[in-house]
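Colleague: Chains as they are written, first to last, in numbering that gives the first Met the number 0: chain S, 0 to 99; chain U, 0 to 99; chain X, 0 to 99.
No lab work stands behind these hints, which were simulated from the structure alone. Keep in mind that this is a model prediction, so the values were computed, not measured. A couple of the hints might just be wrong.
Taking CB as the label site, the calculated pair distances span [what the hints assert, rightly or not]:
{"hint": "1", "chain 1": "S", "residue 1": "Gly49", "chain 2": "X", "residue 2": "Pro35", "range": "27 to 37 Å"}
{"hint": "2", "chain 1": "S", "residue 1": "Ala16", "chain 2": "U", "residue 2": "Ser70", "range": "18 to 28 Å"}
{"hint": "3", "chain 1": "X", "residue 1": "Asp31", "chain 2": "U", "residue 2": "Ala84", "range": "45 to 55 Å"}
{"hint": "4", "chain 1": "S", "residue 1": "Ala16", "chain 2": "X", "residue 2": "Ala90", "range": "54 to 64 Å"}
{"hint": "5", "chain 1": "S", "residue 1": "Glu19", "chain 2": "U", "residue 2": "Ala16", "range": "24 to 34 Å"}
{"hint": "6", "chain 1": "S", "residue 1": "Gly49", "chain 2": "U", "residue 2": "Ser35", "range": "23 to 33 Å"}
{"hint": "7", "chain 1": "U", "residue 1": "Val40", "chain 2": "X", "residue 2": "Gly37", "range": "22 to 32 Å"}
For every residue, glycine included, the Cβ atom is placed at its ideal position computed from N, Cα and C.
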Amino acid sequence: MQFGRVVGTVWATQKDAKLENLKFLLVEELDARNESRDAFTVAIDAVGAGPGETVLFATGSAARQTIQTDGRPADAVIMAIVDSWDLDGDVVFRKDAEGD
Amino acid sequence: MKIARVIGTVVAPVQHAFFDGQKLLLVQPERPDGTSTGKPVVALDRAQAGAGDRVLLLQEGSSTRDLFGVSDAPARCTIVGIIDAIEVTDDTTHERSPSA
Amino acid sequence: MFLARVIGRVVSTRKLAGLEGVPLLVVERVDDQLQPTGETLVAVDGIGSGPDDLVMLEEGREAALSLEETFVAVDAAIVGHVEQVASTAIANPATTRRTR
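Next comes chain S alone, as it looks inside the complex (with noise of 0.2 Å):
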């Protein structure tokens, strides 16, 4: 999994029929030290992520194992909201200290 910020949301009203009613969430992606990679993907949602917010994303096939994205084609998926992380014994991003 990656960690990354959720920067956005993409709108699509012509697509494939099997991606109807998914939340598709621009993320950005960011390293282990919380820094911006300069890359972005757009994830499916299966556990409610919001603006703002630092989650985990899962990619590949392994996106498709989700209630929402079982059968309909998704490469990547929000599968965790980070309250926080660590590096080496010393915290890196805790939720409470974000968007202050």
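We have chain S; now place chains U and X onto it with these hints.
Modeller: Below, chains U and X alone, put in the same frame as chain S:
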């Protein structure tokens, strides 16, 4: 999925039988701000996309095989939607310093 | 599969069903000298790994097969603790030992 722009069409006189009658498009992956990132890819189309369209590019083989109902399709990349809008709700990412 | 070092831990209370109680660890891939490469990812851990452990990882949808709930969107899992790596490529075999 990745954000991409349709930049051309591909015609292959000799190809695997699966591709017979399939439209192939050349797409360039982009960042949300429209700048190019990475190399162009050739993709199948499930969204009736055309030149200049901004699209959702799916890069996953089992999804692509399911979309076309062909269990041995030698293909991985499919355009699954045409993007109407990208609503960027959090543009602070690049100014943000890592939180302690 | 590949080798990596455990460098951190992720806390997440909102995640996919099936991931309750499953540790999410930050790992850094190591090179052929077992030195850190800077390439980081997050993996599920079903075998009780700790900080600084040298571990074996599986990527892709097979990663979920290491968990009790196998239908879950995870794309990387720790599947082994490495005690020793014997290779003509490794200059200093002592670095393969677990540090705790």
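Colleague: Each hint: holds or not?
Modeller: Checked hints:
Roughly 34 Å separates the CB atoms of Gly49(S) and Pro35(X), a value that falls within the hinted 27 to 37 Å. Between Ala16(S) and Ser70(U) the CB atoms are about 20 Å apart, so this pair conforms to the stated range of 18 to 28 Å. For Asp31(X) and Ala84(U), the hinted distance range of 45 to 55 Å is satisfied, since their beta carbons lie about 46 Å from each other. Between Ala16(S) and Ala90(X), the C-beta spacing of about 57 Å keeps the proposed range 54 to 64 Å intact.
At roughly 30 Å, the beta-carbon separation of Glu19(S) and Ala16(U) lies within the given 24 to 34 Å, and the hint holds. Take Gly49(S) and Ser35(U): their Cβ atoms lie about 29 Å apart, and the range 23 to 33 Å holds. For the pair Val40(U) and Gly37(X), the supplied restraint of 22 to 32 Å holds, since their beta-carbon distance comes to about 26 Å.
When the structure is compared with the earlier hints, no violation turns up for any of them.
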